[in-house]
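A.B. asks: Going down the list, the sequences are from chains H and S.
Throughout the first sequence, residue numbering follows my numbering, covering 310 to 783 in sequence.
Throughout the second sequence, residue numbering follows my numbering, covering 310 to 783 in sequence.
Derived from the structure by calculation, the hints contain no laboratory data.
Quick caveat: nothing in here was measured; it's all calculated off a predicted structure.
Errors might be hidden in some of the hints.
As the list makes no split between identical chains, a pair holds if one copy fits it or if it spans any two.
Said to hold, decoys possible - Calculated cross-link-like contacts (lysine-lysine; reagent style PhoX-like; alpha-carbon spacing at most 20 Å):
#, residue 1, residue 2
1, 443, 684
2, 766, 686
3, 517, 458
4, 766, 451
5, 320, 440
6, 320, 437
Below are the chains, spelled out letter by letter.
There are 2 protein chains.
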Amino acid sequence: MLTISIDTSSKVPIYEQIYKYIREEIKTGDLSCGTGLPSSRGLAQHLEVSRNTIDMAYGQLLSEGYIESIPKKGYYVCALENLYLEGIHVKEPYPAQEESSPDPVENSSYQVDFSPSGVDMDYFPYDKWRKLIKECLIDDNKELFLSGKHQGDLALRCAVQSYLHQSRGVQCSPSQIIIGAGSDYMLLLLSHVLGEKRNMAMENPTYKQAYTIFKSLGYGVMPISMDEQGIRVDLLEGSGADMVYVTPSHQFPSGIVMSANRRTQLLAWASQKENRYIIEDDYDSEFRYFGKPIPALQSQDPFGKVIYVGTLSKAIAPGIRMSYMVLPEQIAEQYRAKAEFYFSTVSRIDQNVICQFFEQGYFERHLNRMRKVYKAKHDILWQQLKESGLQGHISGESAGLHFLLEQKDETDHAAEIEKELVEAAKREGVKVYPLSEYYIREERRKPTILIGFARLKEEEIIDGVNRLVRAWRA
Amino acid sequence: MLTISIDTSSKVPIYEQIYKYIREEIKTGDLSCGTGLPSSRGLAQHLEVSRNTIDMAYGQLLSEGYIESIPKKGYYVCALENLYLEGIHVKEPYPAQEESSPDPVENSSYQVDFSPSGVDMDYFPYDKWRKLIKECLIDDNKELFLSGKHQGDLALRCAVQSYLHQSRGVQCSPSQIIIGAGSDYMLLLLSHVLGEKRNMAMENPTYKQAYTIFKSLGYGVMPISMDEQGIRVDLLEGSGADMVYVTPSHQFPSGIVMSANRRTQLLAWASQKENRYIIEDDYDSEFRYFGKPIPALQSQDPFGKVIYVGTLSKAIAPGIRMSYMVLPEQIAEQYRAKAEFYFSTVSRIDQNVICQFFEQGYFERHLNRMRKVYKAKHDILWQQLKESGLQGHISGESAGLHFLLEQKDETDHAAEIEKELVEAAKREGVKVYPLSEYYIREERRKPTILIGFARLKEEEIIDGVNRLVRAWRA
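Chain H extracted, bound-state conformation (with noise of 0.2 Å):
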């Protein structure tokens, strides 16, 4: 007979007590396999609880495989070729704590951080992603624990085909959009579709990580020089260069907005040959203040040459795992004969929370909450900013999430003098971001440092320029 110290005063159900208890024996070996159980009967009297209570312990046993049931003989320990069972009891060879905390603590010097990059997760509507998490789930929703469509769920490329065209103008069906896990995924991706390795042109200064992916799948990369209409065509024409990625809403991170006629220009170096294609991410065209919107590049594209990437890391939330990729015509033909195969990498569940987010509408008011959320600490920084007295061009205010401070005259020794500006700031405890080091090749140019907002409160920004006020004026 098991004799079980049952606590009543616990939170945990008696019949649950009885589970564990008899649970343990088993895997520690104390009843082995084979061990005739006593009746429910004879336990319950032993125990002085209900029959219930023991057919339930013992129904939870039965159903995990624990015991089995004989007819007319009663339960057993089943014989457990269990593998997870198997060596519970070795010692564990690493401890968790083995690798550092995940974050670095690198920051925690700075009392401010002007970082160009992150989000303001203040603002987010949680409530209603649990709503629809909670919905989506609700009636054991099996379908979505299934695979789905490898290149995401047709609903989800339906929304995204329509959130891009009435807010981007970009043309496509959703046969030419692909859902992946991150921007980097999709490159990953997008390099596999593409093949051969190809001379990649850039932007220089550019989004550095899509650099460093370029770099490390193999291809040449070729660093365009920039002027205020963007990229300069004609010395990409001398590149040798045969794909070039661009960023022609709201270049990063320069905010340059690349003019009509430079556009054209693009287009037309891309249709001159039949391997040359333009890759467009429109990482945060979610965030404009002022003048008109700035259609998409591939949405002017008459010869089909726009690979368009954009991401939900900004408009929704960096841990949310989602981007898209628009493919033209030609492309969606090679990623049909060399990478459908490919299971998609985001979980059906995501996939249906995000549809129905753009569905009814969350989406768009997040979107609306943002930018007012963002216009007014980009208002506060301007502000303050300009009443700081502090040397130097401001510019970038039209959009995005960061602004850049430009001195006047051009220099051959740009990055030495950033690099002063932000150690200076260093010393009065705040962190700003040199331009050089989105410079994949250095120039002659204007020191410029990049003042980032989205994630700070306004006495941050009061304080954090304050701060820059002594570090500079010194």
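Fit chain S to the known structure of chain H by using the hints.
C.D. replies: Chain S only, in chain H's frame:
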């Protein structure tokens, strides 16, 4: 003054009706930028509702950026430089119906599909999953919406490490584990980490998805014949391959367990040259019904030559896109040099939920239950096949989710004979799978049919075997 017809019998709150009406007016342009809205008191009187109701509607419009409040003047429609709204009336160019239904209906003509793939989702602990998601989204858990560690959250890697150590004998630290969105992604990432394309040996027959991926990634693929002990290492020696992809615990699809002797030979082969590596795909080690547990090849590897890949697609659900890869130290170093900068492909929320699923014991219980469920189906199918009088040898009975029905005599025409058997079964409404589908290169062998059971109910199994008897006796 706005005249809004309010439906007091509607379930939609009155403030929301007003809010929605005004929002639509703004979106359509009927209320244009700069238009002043009536005072909340005035509109309340006009509509005969409480002023509080109007304040709520205005508050909502305000927070979403549709209107702005100008002190001492009132509410005004915002200058919506709002990309999202731009073109909202443009006709949808591509209707959602364009693509065919997500699942091809090809199989609908079958009464019974003995597919060797797929899982039974009837016993998934949906309630537990919901509970974990709910817990992890409680208190606006912001952290989970931000970017995490690129290799996967440390807590999840510790849980995976502990599980693999206990159940499979795998020896590793969490720093050797990469979490990613599915096994296809893992192989894509691995190929990138390994750099130059190699010659990849594969068991013949093999898992065709992996074969397709290696081929598409530019690997030379060498099919290596098997015998009853597993892959023939003598043939591997002369093949010129420098990598090999194997399923030693339960070969897919033959069900052969690699013998101890063969494992030693394989590890010795890998140890002979610096660049030789073994990819061990432990795709379904969870479902073993008889005999001693088969430890992972990785656990027996003293040389650091085994790259271990596993998935939660079978053990949890295919819609949950999560796999893991354990890199030997040397490859882990290459990962850090070449691919560590890739952001994770699994959402933080999913990582957290799965981590809790392990830590709170749900995974173990679910596996125990599923082992029982599949064992019951397995037993019924085994018994039905035995009693059916069908000719041939039944194998693959100790593990996994399918049997093999093998004819007595070797032939050079195995594929044709299998095709006839498959077609005869089709005429009786049963889908079975020819082993020829899994061969990279055909061989002289015994014709063999795969009969899977994971997704079938008891009565379907019985019905299916009866149909096979009719099909093949004729």
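A.B. asks: Can you give me the call for residue 320 and residue 440, within, between, both or neither, at a CA distance of at most 20 Å?
C.D. replies: Between. Shortest inter-copy distance 18 Å satisfies the 20 Å Cα cut-off; intra-copy 29 Å does not.
A.B. asks: Using 20 Å as the alpha carbon limit, work out where residue 320 and residue 437 are close: within a copy, between copies, both or neither.
C.D. replies: between (32 Å within a copy, 19 Å between copies)
A.B. asks: Is it within a copy, between copies, both, or neither that the alpha carbon of residue 766 lies no farther than 20 Å from that of residue 451?
C.D. replies: Between. Shortest inter-copy distance 16 Å satisfies the 20 Å Cα cut-off; intra-copy 43 Å does not.
A.B. asks: When Cα atoms must be at most 20 Å apart, do residue 443 and residue 684 count as within-copy, between-copy, both, or neither?
C.D. replies: So residue 443 and residue 684 fail the 20 Å test inside a copy (32 Å) and across (33 Å) alike.
A.B. asks: Within, between, both or neither: how does the pair residue 766, residue 686 come out at a Cα-Cα threshold of 20 Å?
C.D. replies: within (7 Å within a copy, 60 Å between copies)
A.B. asks: Pop the pair residue 517 and residue 458 into one bin, within, between, both or neither, using alpha-carbon distances up to 20 Å.
C.D. replies: Between copies only: 18 Å across chains, 32 Å inside a chain, cut-off 20 Å.
Hint compliance for this structure: hint 1 is the single one not met.
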